[in-house]
Structure formats: C-alpha cells, structure tokens
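Given next are the chains, with one letter for each unit.
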Amino acid sequence: MSLKAFHILFVAVCVLFSLGFAYWAITEYRTTHESALLVCGIFSLASGAGMIVYGRWFLHKLRGVSYL
Amino acid sequence: MSAGVLPYTVEPHPVTGLYSGKLGTWLFLASEVMLFGGLFSAYILLRVGAPEGTWPTHEEAHLSWKIGGFNTLLLIISSVTMVMAWANLKMNNFPKARMYLIVTVILASLFLTLKISLEYYPHWHDGLKPSTNVFFGLYYTLTALHGLHIFGGIVVMLYFIGPGAGLWKTNPEYYTNRIECTGLYWHFVDLVWIFLFPILYLMN
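Protein chains in written order, with our numbering: chain P, 11 to 78; chain F, 778 to 981.
It is worth saying that the hints were derived from the structure and are not from the lab.
Accuracy of the hints is not assured; some may be wrong.
[As the list claims (entries may be wrong)] Derived pair list, reagent style DSS-like, types lysine-lysine, alpha-carbon separation capped at 25 Å:
| # | chain 1 | residue 1 | chain 2 | residue 2 |
| --- | --- | --- | --- | --- |
| 1 | F | Lys-843 | F | Lys-892 |
| 2 | F | Lys-843 | P | Lys-71 |
| 3 | F | Lys-946 | F | Lys-873 |
| 4 | F | Lys-843 | F | Lys-906 |
| 5 | P | Lys-71 | F | Lys-892 |
| 6 | F | Lys-867 | F | Lys-946 |
[Unchecked claim] Reference listing, derived: stretches of chain F covered by chain P, where coverage requires no fewer than 3 residues with Cβ under 8 Å from a Cβ of chain P:
| # | region |
| --- | --- |
| 7 | 794-805 |
| 8 | 810-816 |
| 9 | 830-836 |
| 10 | 908-922 |
| 11 | 927-933 |
In this text, all values refer to a predicted model and were calculated from it rather than measured experimentally.
Positions of the beta carbon are idealized from the N, C-alpha and C atoms, including for glycine.
Full structure from sequences and hints, please.
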C-alpha cells in the first residue's frame with residue numbers, strides 16, 4: 011500500500027472521527043450548556059465535510075500515482 | 778547489482794511488487810500494531826473490569842478535552858503536510874517539499890511541547906504519577922510511548938531536511954521513497970492518537 015492509499019484511509023478515519031467528536035460535543039453541550047462544546051461540535055462537522063472535499067482533491071492531484 | 782549495494786531501493790521487487798524500504802516499513806508497522814493493540818486491549822479490559830467508582834473521571838484525572846482536541850488537530854494537519862511533502866517530491870519540487878517537512882516538524886514539536894507543558898508537568902506537579910492508580914499507569918504508558926514515536930518521527934524528518942537531503946541530488950527517486958516510508962510511519966503514529974484521544978479524553 012502506497013502513502014497515497016494510506017492517506018486516503020487516514021482521511022476516511024478522520025472524517026469518521028470528526029463526526030464522532032461532533033456527536034460527543036453536541037451531546038455534552040445539551041447537558042452542560044458549555045458554549046465551547048457547541049463551537050467545537052460545529053467546527054468538527056465542518057472539518058469532516060472539509061476532509062471529504064480535501065480527499066477528493068487529493069485523489070485528483072495524485073491520479074497518476076499508484077495505490078501499491 | 779554490485780556487492781554492498783542494497784537491492785530494490787527504487788524499483789519494486791518482482792515478487793512483492795514493493796521496493797525494500799516500503800516492505801520493511803509495513804513489517805515494522807505490523808509489529809507496532811501488535812504493540813499498541815496489546816496496550817489498547819489492556820486499557821479497555823481494565824476499564825471495563827474496574828469496580829464502579831474506582832476509575833477516575835476526566836475531572837479527577839485532570840484531562841482537558843480542549844488540549845487533547847487541539848493536539849489531535851495538530852497531528853491531523855501534520856499528516857496532510859507530510860503527504861504534501863511527498864507529493865511535491867513526486868512532482869520534482871524539492872524546495873516546496875522541504876518547506877512542508879519543516880511545517881510537519883513544527884507541528885509535531887508543538888504537539889510534544891503542549892503535551893509536556895500543559896499535561897505531563899501539571900499532572901506530575903499534582904502528584905498524579907504512573908504509580909497513582911491503574912488509570913495513570915496506563916495513561917502514561919500509552920501517551921509516553923506515543924510521544925516517543927512522535928519524537929522519533931521528528932528526528933527522522935530533521936535528518937531528511939538536513940544531512941539526508943543530499944540524497945535528492947544524487948538519487949531523487951530513492952530520496953522520494955524514503956520520504957514515503959517516513960510518511961507511512963507518520964500516518965500510523967497519527968492514527969494511533971486518533972484512537973487514543975477518544976479513549977482517554979472523551980469516554981467517561
């Protein structure tokens with residue numbers, strides 16, 4: 011597996027992590043009402059979406075590089 | 778092939794389809810998976826088996842999700858800069874690749890600085906040491922081992938930014954492959970943290 015393939019896997023894990031973290035932050039916000047949690051939850055959701063866009067851009071940029 | 782020259786450092790081996798460095802890196806990472814996997818399993822089993830009320834809460838453990846979250850962000854960005862260094866080498870742009878490697882080293886150093894100054898030092902000062910309880914024994918083992926891996930990555934990257942950069946002039950493909958292996962290692966280390974962060978900082 012090349013760094014290209016491993017990076018795509020990494021981006022996928024990061025997207026899942028971002029969604030999980032956003033879920034955690036928003037759930038905690040509902041009980042504690044700490045505004046930092048809401049901000050982080052929204053930022054994490056936006057980061058997850060950003061990582062998907064980045065992943066597509068990365069694949070396009072390195073389309074000539076092997077996955078092996 | 779002459780005697781004393783490492784075989785398949787640039788071209789792939791006909792059997793594996795990989796150059797030697799990449800095969801070696803993946804074998805090394807396989808052993809790392811077993812090392813961290815064992816420690817993760819130990820943490821989870823001890824956490825699940827702990828009698829109610831004996832496992833410290835995040836407040837009792839003095840662990841801030843804000844510091845941990847920021848450090849996670851630093852490592853995620855460092856993986857992007859690392860892969861950009863490799864991608865620029867693939868496009869024969871050495872100065873830009875070097876700049877991305879320097880940024881990766883800065884981000885990694887910042888991670889370690891924050892970890893030590895905002896977490897380890899206050900913990901130690903408050904008497905929260907590995908001998909305090911099972912949680913801190915595992916916390917220090919997992920995070921310090923991860924920190925050592927970060928430090929090792931910094932040393933390797935500094936070598937490729939400095940004295941090891943001469944290889945780019947004599948054998949650019951070999952140099953690019955070495956950066957790819959460093960990138961594989963770096964991604965693995967960052968993935969470990971992405972699993973460590975929720976286990977230590979978010980799950981109560």
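Do the hints match the structure? See the list:
1. Between F:Lys-843 and F:Lys-892, the direct Cα distance comes to roughly 12 Å. Compliance with the 25 Å bound is thereby established for this hinted pair.
2. Taking the CA atoms of F:Lys-843 and P:Lys-71, the gap is near 33 Å; set against the 25 Å cutoff, the hint is violated.
3. Taking the CA atoms of F:Lys-946 and F:Lys-873, the gap is about 15 Å. The hint holds against a cut of 25 Å.
4. A C-alpha spacing of about 21 Å is found between F:Lys-843 and F:Lys-906, which places the hinted pair at or below 25 Å, so the restraint holds.
5. A distance of roughly 34 Å separates the Cα atoms of P:Lys-71 and F:Lys-892; the hinted pair therefore is violated under the 25 Å criterion.
6. Taken as a hint, the F:Lys-867 and F:Lys-946 pair is honoured in the structure, with Cα atoms around 14 Å apart against an allowance of 25 Å.
7. For the region 794-805 of chain F, the stated coverage by chain P is satisfied: 4 residues place a CB nearer than 8 Å to a CB of that chain, which reaches the threshold of 3.
8. Beta-carbon proximity to chain P at under 8 Å applies to 0 residues in the region 810-816 of chain F; the threshold of 3 is not reached and the given coverage is violated.
9. Coverage of the region 830-836 of chain F by chain P is violated. Counting CB-CB distances below 8 Å, 0 residues qualify, and the rule asks for three or more.
10. For the region 908-922 of chain F, the assignment as covered by chain P is violated, since 0 residues bring a beta-carbon within under 8 Å of that chain's beta-carbons and 3 are needed.
11. Residues of the region 927-933 of chain F with a Cβ under 8 Å from some Cβ of chain P number 0, which does not satisfy the need for three, so the listed coverage is violated.
Violated hints, listed in ascending order, are 2, 5, 8, 9, 10 and 11; each of the other numbered hints is respected by the structure.
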